[in-house]
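Asker: Listed below are the residues making up each chain.
There are 2 protein chains.
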Amino acid sequence: MTLLLPKKVTIIEVGPRDGLQNEKNFIPTAVKIDFITRLQESGLQEMELTSFVSPKWVPQMSDATDIISSCLNMKTRNIVLIPNRKGMERILLTPCRAVAVFVGVSDEFNKRNINKTTADSMKEVLPAIIALKGKGYFVRACISTAFYCPYKGKIAEADTIKLCQQFINAGADELSVADTIGMASPNESFSLFSKLRERFPHHMITAHFHDTRKMGLANIYAALEAGIIRFDTSAAGLGGCPFAKGATGNVATEDVVYMLSRMGIETGVDLEKIVSAIDVIRPHLSRPIESAFYRLHSSTE
Amino acid sequence: MTLLLPKKVTIIEVGPRDGLQNEKNFIPTAVKIDFITRLQESGLQEMELTSFVSPKWVPQMSDATDIISSCLNMKTRNIVLIPNRKGMERILLTPCRAVAVFVGVSDEFNKRNINKTTADSMKEVLPAIIALKGKGYFVRACISTAFYCPYKGKIAEADTIKLCQQFINAGADELSVADTIGMASPNESFSLFSKLRERFPHHMITAHFHDTRKMGLANIYAALEAGIIRFDTSAAGLGGCPFAKGATGNVATEDVVYMLSRMGIETGVDLEKIVSAIDVIRPHLSRPIESAFYRLHSSTE
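Chains as they are written, first to last, in our numbering: chain U, 4 to 304; chain L, 4 to 304.
The shape of chain U in the complex, shown without the other chains:
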């Protein structure tokens, strides 16, 4: 067997949104802006900036408007999560032209997360996608619990693929397919992503892994073999799922970029600049940083 791996992959930085939304203490807006700016300067091409979630639910994201007005630039695809109709109304008032929407494959997860079944969520999200595409927005569809649900267990591949098809039919540009609780094994990663790659050959398919059970990088390697060339990662491994005991965060940007560079796969990301971005946010974090690269290379460790 010969491994046919890509020469280049795209990293989508989700730390400022998916990562920070799980941080208990409010991080000053100026610190977030410094963090994001350094990440943008590292060469990252796409990034989830912030979220128009209700400030009552997630106070950490209450400065979304300030983040957008300070951090939008032309070099990076700046994505803002809009979790509902209200978020959609708010995005229309900003210069941001890339949005993320979010639905879980698992009804149980969806109900506990946003108090709606998957089908009811889709009834709201799909018309929003159609409307946003009509206005020229880039639409990223985030599919959570695509492998496992903390309540229901294993999710059937067919259910995940069916939901992805609905997003594609509505015009979504990107599918970000997430192992939300970090339970997928490398052969589950290979299997689902092979099927998605075959089913949607002309769309962006992004793999989103958590390192909860140390399988994050193994799952990325398996997804690469399945033809995936886009990965969500989070600087410092920020994030995590509030519903899973002991869950660590997303796979760390610097660990993924390091592995890829060691495999001869280009990402365009400067690791020293990622470390400098983490140095800025670190004093404000409530949890120790688990990323291996940061531990090995930070001057402050």
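Just so you know, the hints here were simulated from the structure itself, not pulled from any lab data.
Check the hints yourself; a few may be wrong.
Chain copies aren't distinguished; within one or between two, either way the pair holds.
What the hints assert, rightly or not - Straight-line Cα separation of at most 30 Å, DSSO-like style, residue types lysine-lysine; simulated pairs:
| no. | residue 1 | residue 2 |
| --- | --- | --- |
| 1 | Lys-198 | Lys-126 |
| 2 | Lys-276 | Lys-157 |
| 3 | Lys-155 | Lys-276 |
| 4 | Lys-155 | Lys-10 |
| 5 | Lys-10 | Lys-198 |
Starting from the known structure of chain U, fit chain L onto it as the hints suggest.
Answerer: For chain L alone, kept in the frame of chain U given last:
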């Protein structure tokens, strides 16, 4: 591409030797025996028990004779490391019938580790292997710095393969090929292990990875794809390399067994019993336990 993965793999537990030799504080012999006994009861078939290294160099291993007399059993292959001629003389006085020898591919590493070049080490080790094989011993050859050396950098595959060939020529039963400082990437794992598998189709080839850069499980996955069905692991991820800054230990037995079980690959290892073994040794360790499975499943965390 279809993944052809094995149905069953063998785990070689190296925690009691490779793991504990890096622990600063002397762990009472009775605790070690309890730890080892629980590991044996978990279903592990092969294990590095202890080492006949000089007690002056590694005081932790000064109770090797007691460990052997308490822990030898018929169900498990109990391996004792013999680092030199003195160790060989000592093993002959015990009922143990399986030994490990140890040489680094890198001269620089070998010199700093045991004050000899690789060639000089081999001049001592190879006749010892021939003598031990003549007496019916099982001989495991541990090849360190098989991918990278902390002083020299990248090791040429040809150099590692050449050393392996010398061990095989002398009659070694097993090659344990180690990424001593946890630097190998998955495609380096796949490449070297594919070549070793092809070159030595009738010998036991074991992959030994450290999780220093979070690539441990990805490297195991790549080695599985290269046809490797034997893996060195260490309960609780004990161990590490004293020559590498921030180095974490060997890949954790429980994280590897968990991933394999989730891939439908049988190991015969009972994870609950591994957790109970770790519970016994944990109060005596100088470092926090980094294994994901233990953090998620230990009742004492």
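Asker: Does each hint hold? Answer for all of them.
Answerer: Here is how each hint holds up against the structure:
no.: 1; hint: Lys-198 with Lys-126; verdict: within (25 Å within a copy, 54 Å between copies)
no.: 2; hint: Lys-276 with Lys-157; verdict: between (38 Å within a copy, 25 Å between copies)
no.: 3; hint: Lys-155 with Lys-276; verdict: between (40 Å within a copy, 27 Å between copies)
no.: 4; hint: Lys-155 with Lys-10; verdict: between (38 Å within a copy, 27 Å between copies)
no.: 5; hint: Lys-10 with Lys-198; verdict: both (22 Å within a copy, 23 Å between copies)
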